[in-house]
Amino acid sequence: MFFKRSAGLTVSEIISLTGAVPRPGAALERRITDVAPLDNAGPRDLIFFDKIKFLPELAATQATVCLTSERMAAHMPSGISALCCADPYRAFIVVARALFPDSMRPSSLFELSGIAPGAHVHPSARLESDVTIDPGAVIGPRAEIGARSIIAAGATIGPEVRIGRDCTIGAGAAIVHALIGDRVIIHSGARIGQDGYGYMTGLKSQEKIPQLGRVIIQDDVEIGTNTTIDRGSIRDTMIGEGCKIDNLVQIGHNVQIGRHCILAGQAGVAGSATLGDYVTCGGKVGISDHLTVGEGAVLAGGSAVITDVPPGARLGGHPALPVREWMRGVVALRSLARRMQPTQSRGTRDGGKE
Amino acid sequence: MFFKRSAGLTVSEIISLTGAVPRPGAALERRITDVAPLDNAGPRDLIFFDKIKFLPELAATQATVCLTSERMAAHMPSGISALCCADPYRAFIVVARALFPDSMRPSSLFELSGIAPGAHVHPSARLESDVTIDPGAVIGPRAEIGARSIIAAGATIGPEVRIGRDCTIGAGAAIVHALIGDRVIIHSGARIGQDGYGYMTGLKSQEKIPQLGRVIIQDDVEIGTNTTIDRGSIRDTMIGEGCKIDNLVQIGHNVQIGRHCILAGQAGVAGSATLGDYVTCGGKVGISDHLTVGEGAVLAGGSAVITDVPPGARLGGHPALPVREWMRGVVALRSLARRMQPTQSRGTRDGGKE
Amino acid sequence: MFFKRSAGLTVSEIISLTGAVPRPGAALERRITDVAPLDNAGPRDLIFFDKIKFLPELAATQATVCLTSERMAAHMPSGISALCCADPYRAFIVVARALFPDSMRPSSLFELSGIAPGAHVHPSARLESDVTIDPGAVIGPRAEIGARSIIAAGATIGPEVRIGRDCTIGAGAAIVHALIGDRVIIHSGARIGQDGYGYMTGLKSQEKIPQLGRVIIQDDVEIGTNTTIDRGSIRDTMIGEGCKIDNLVQIGHNVQIGRHCILAGQAGVAGSATLGDYVTCGGKVGISDHLTVGEGAVLAGGSAVITDVPPGARLGGHPALPVREWMRGVVALRSLARRMQPTQSRGTRDGGKE
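Residue numbers (my numbering), protein chains in the order written: chain A, 3 to 356; chain B, 3 to 356; chain C, 3 to 356.
Everything labelled a hint here was simulated from the structure, so no lab data went into it.
Small disclaimer: the values here were computed from a predicted structure and weren't measured.
Don't take each hint at face value.
It does not matter which identical chain is meant; a pair holds if it fits inside one copy or across any two.
[Stated by the list, open to error] For lysine-lysine, the following BS3-like pairs were computed, each having C-alpha atoms within a straight-line distance of at most 27 Å:
1) Lys206 - Lys55
2) Lys6 - Lys55
3) Lys6 - Lys206
4) Lys210 - Lys6
5) Lys6 - Lys53
6) Lys210 - Lys53
Isolated chain A (complex conformation) (with noise of 0.2 Å):
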């Protein structure tokens, strides 16, 4: 465990806390100080219970507060205190939350406040208070730190880059022109408002075409480590408010990232690309440029998406159908795989080696 040991909280707290019931009998002075899986959890930790599948770990475990349903509370053993919930989980996590506060963001790698010896800010660089920075990072001229915001080793801010309140920026991230708003989190490695990739196409070799843009991120937005965001060629690259994006995504310059979007590991956005509010992109979904993708449509993993999509539309494969239509060919394909004849099948030809 690398987070500062909490004091814990008693079953009481956790009731306040979470408004769960506890059934009759519950240890309500009981302090628990950890959270853990039901396979692995011991007499101070916290567990929830609401999948009947998990009853064999939970006749076996050790902890002894555990929050879970009305209707799983009667498998729990006697010796657990049981707290009775609509959403289990969802309590677990705020519980989680409140033992573990300094979990919510990265940290200083020096553990220090203020500005470390070692690192490098610009004389014309602007610090609100209590802003830290760690060895090694590099503030550049006029840039704009926010109060309460994190500079982690080796980060390097760009000239006249602003930065607001209560964000993080990991080690070794890279951001220049952009604009981020307030408790934005940009894990270690991103890369922020580089040139975007363009050029004119010649007879016989390529033209740079100048990249103007920013990248405006806006509040409560965390970007993945390694991911790469360009700024815009002529617009700006543009991230709504509560975007959550996963590690290793490439975010096309001019793109629009409308509000509280999901993309996952290893997504791919190209150029001038537009997605709506609340839309959920997969693993290593690929979309493809200019195109638009409506409010509140998902992306399954992988899917490779070559024409617009619609509102709340459901896709998946490659390229991208609606999933349904997706799995029926899947279904199709194997039916017909199997009712050739062997001598057309490669599979066979081959004499089996695969």
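Let chain A serve as the given structure and place chains B and C on it in line with the hints.
Relative to chain A, chains B and C alone:
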């Protein structure tokens, strides 16, 4: 706008620069200071108009100078000086480049020239004139950096690496075992020259194969942020003149890439593959190891290339096929799936839940 | 050649090292100083010859010592000392490793030993003997680094991280919340131990789930450049002994990877998936969350794995199917598409334009 405000260009100067022909009544002495899209332009911004579908935006624009074609010029509202040329977008980019020469390559994060305090330059490194080294950059023993090159904050240049003239190495990029030409741009976080991925597989474990080659990057190459290029195992990995490689691309050991190739974001080229000149790879293309892709081939985004590709071929799909054949297969499968009995379809079996 | 020139090995020494049997007339006292491919070798370079298709290159080579098999030795030109063994390539690699021991792991970018000026080592960090810390590296509070380990320029090691002996941490890598075994190589820009991607989705926005686990990396693991491994949410993310992970790979929170697995470039393993020992993932493989991939399974490049995979299975395709079934489907679809009426084909409807 993060770039230095331009002194601007008069319409006459734009005409000289682009060869455009002014329509009667064009205000030759008017000065523009920026470029902008139709819907976002002010009176001092240059716009271009080359597609009839943008007529509503043209009608409403505040711009007063517009590059367009002879054919489109008839639609120009009065009050806008129209400048006609064969390729209005290309002319627009020419003007943008002239207005913002600083945008053509990344600049020092500290707006420095010379060696910054806080840069770590080994005494045996050789720097030509007017080299800029940002704070936190590390230049190893016997490395050589050509005139006017910029090494941004936190970049690391390994022992004996040679970098040509007028190059830019972005923040936090790491280069080892590499020889790099002139006018090369390597964006932040790119990793060049590390060990390729080579093992001998034994019964019980993998043994590392020494990677003794280098990475050779020819003139005028641009390499995207967080892209990785492994050095050769026994040959050199080679990136030909004028190649443009986007973000998060992986190039394996011994790969030979010809001149003026285009590799879009998250593409991957596995070890010992060879690409001819002028190959274009869309986003997320994967090319298997030891394959040859012929000159001028075009691989659609997301293609999984598992066989050699002849020169000039256009491929797409998973596995990649000639584009026409791929598309015919997509259509065939959709029509097959539609004809299937509902009982054969998983979508239907699931009662419509997706 | 960026490695220290070798003193070389005589043919006799190569014979001792590899167990190869010299053909009559082999020059036992000849000394070679390097290894090279057939078509690029000089008189002091060792070559190997194990495929008849390279006979023309063999005939023209300038090399004078060649590892080969008994069967191929008959083709050896006079003037080349042939050394016969069961696996000439493996023997060749054994010699390469002996000639260039420095190539077996990345070295200090500054060719240092000890703590460089310009390294930031927290006074509470504990370093065993012969640790090398390059300029710009940051070692956090209470971190522990084992004997002979190298922390390259700009790498950041977070509070309480433990790194074993004989490890190499590449330039700009960032490690937090992790315990790392012995002889581990983590290449430049890799990110280990940051927050996994976990949110509770509400009606209006996502709430962050605290990520309280760690990353455990066992002995002899190698992790590629710019690869990302998230720490566990409530368990630990685990990378088993001897795993080899390539560049730009994403490993989600709570993932359990067995021993001696191979994950090629740009592969992705989503949260809480489990891989048994000796699993092989080709490039760009995607494995969905919470799946189990059995021991020894082989997943072809680009596979999209969306169901559990039994031990020893060989899968490919999107979605992934047993390789033979996948290939049969590809053949079936091509033959179906060929039989379609041209009017049903988009390729034809488009008049042949692609």
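These are the hints, each one checked on the structure:
{"no.": "1", "hint": "Lys206 - Lys55", "result": "neither (64 Å within a copy, 31 Å between copies)"}
{"no.": "2", "hint": "Lys6 - Lys55", "result": "neither (33 Å within a copy, 60 Å between copies)"}
{"no.": "3", "hint": "Lys6 - Lys206", "result": "neither (60 Å within a copy, 31 Å between copies)"}
{"no.": "4", "hint": "Lys210 - Lys6", "result": "between (50 Å within a copy, 19 Å between copies)"}
{"no.": "5", "hint": "Lys6 - Lys53", "result": "neither (31 Å within a copy, 60 Å between copies)"}
{"no.": "6", "hint": "Lys210 - Lys53", "result": "between (56 Å within a copy, 22 Å between copies)"}
Of the numbered hints given earlier, the model fails hints 1, 2, 3 and 5; all others are met.
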